[in-house]
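**Q** Residues per chain are reported as follows:
Number of protein chains: 2
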Amino acid sequence: MGKHGIILFGHGARDPRWAEPFERLAAKLRSLRGDPVALAFLELMTPDLPAAVAAQAADGCDAITVVPVFFGQGGHVRRDLPQVIDTCRAAHPGVVIHCATAVGEDDGVLDAVARYCLTQV
Amino acid sequence: MGKHGIILFGHGARDPRWAEPFERLAAKLRSLRGDPVALAFLELMTPDLPAAVAAQAADGCDAITVVPVFFGQGGHVRRDLPQVIDTCRAAHPGVVIHCATAVGEDDGVLDAVARYCLTQV
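Protein sequence lines, in the order shown, are assigned to chains A and B. In this text, residue positions in the first sequence follow the UniProt record's numbering: the first is 1, and each later residue adds one. In this text, residue positions in the second sequence follow the UniProt record's numbering: the first is 1, and each later residue adds one.
Here chain A stands alone, though its shape is the one from the complex (with noise of 0.2 angstroms):
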């Protein structure tokens, strides 16, 4: 059986600090699970997603969840990103690629950021 990578999708900007809390994501899920944890980038950072899903392929995974890391479902998750996984399906049809839908529509998530405002007043 192969393994299932995880891929943090996210916009990517010019300042290589705005990674930094990618980066941390990252290692908090590679400390929690032992298939591999990757980040990509739907521009201005690199790799792009054809890319990180390459090298997880490559790496043995059979099956791979990209999850966008945004707030908001606008125009990148809701259109450009649904056209890349396609390409990306099409590249590699002996992998079962998932797309998680944003994790700013998680209730989890929207609960911690409420409570980090909180902490901020």
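All the pointers check out, no bait thrown in.
If you want a taste of the chain A side facing chain B, the calculated C-beta under 8 angstroms gives, among others:
#: 1; residue: Gly10
#: 2; residue: Arg17
#: 3; residue: Val69
#: 4; residue: Gly104
#: 5; residue: Gly108
#: 6; residue: Val113
Some chain A residues flagged as far from chain B (calculated, every beta-carbon gap over 10 angstroms):
#: 7; residue: Asp59
#: 8; residue: Ile85
#: 9; residue: Thr87
#: 10; residue: Ala90
Calculated Cβ distances over 12 angstroms to all of chain A for the following chain B residues:
#: 11; residue: Ala54
#: 12; residue: Ala58
#: 13; residue: Val84
#: 14; residue: Ile85
#: 15; residue: Arg89
#: 16; residue: Ala90
#: 17; residue: His92
Hint data in this document are derived by calculation from the structure and do not stem from the laboratory. Since the model is a prediction, treat every value here as computed from it, not as a measurement. Positions of the beta carbon are idealized from the N, C-alpha and C atoms, including for glycine.
Position chain B relative to chain A; hints supplied.
**A** Coordinates of chain B only, in the frame set by chain A:
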């Protein structure tokens, strides 16, 4: 003693559905406190931050905490937001305006995102 407002500051997007998690977050916070909670956006959505600050000032807030609802701190949070905050402070010298660190820097938020990711594999 005046009220202490919270303004949840997001990027904004063309798709109105993008704002749904922000609206849910504001509703959660309103259920947890009596003082005003509002949304504001950098671009593409209204109100912008100066309009949201003016509304809370008119509503009797003498302190406002702006929380950037961003994962990464790139140019929008490090460069654009402080300039807008300065503009707001100049327009409302009687209101103490505090700007929090972006929510993605909070460990509790990242833990919640990690838990969500694990439910998806």
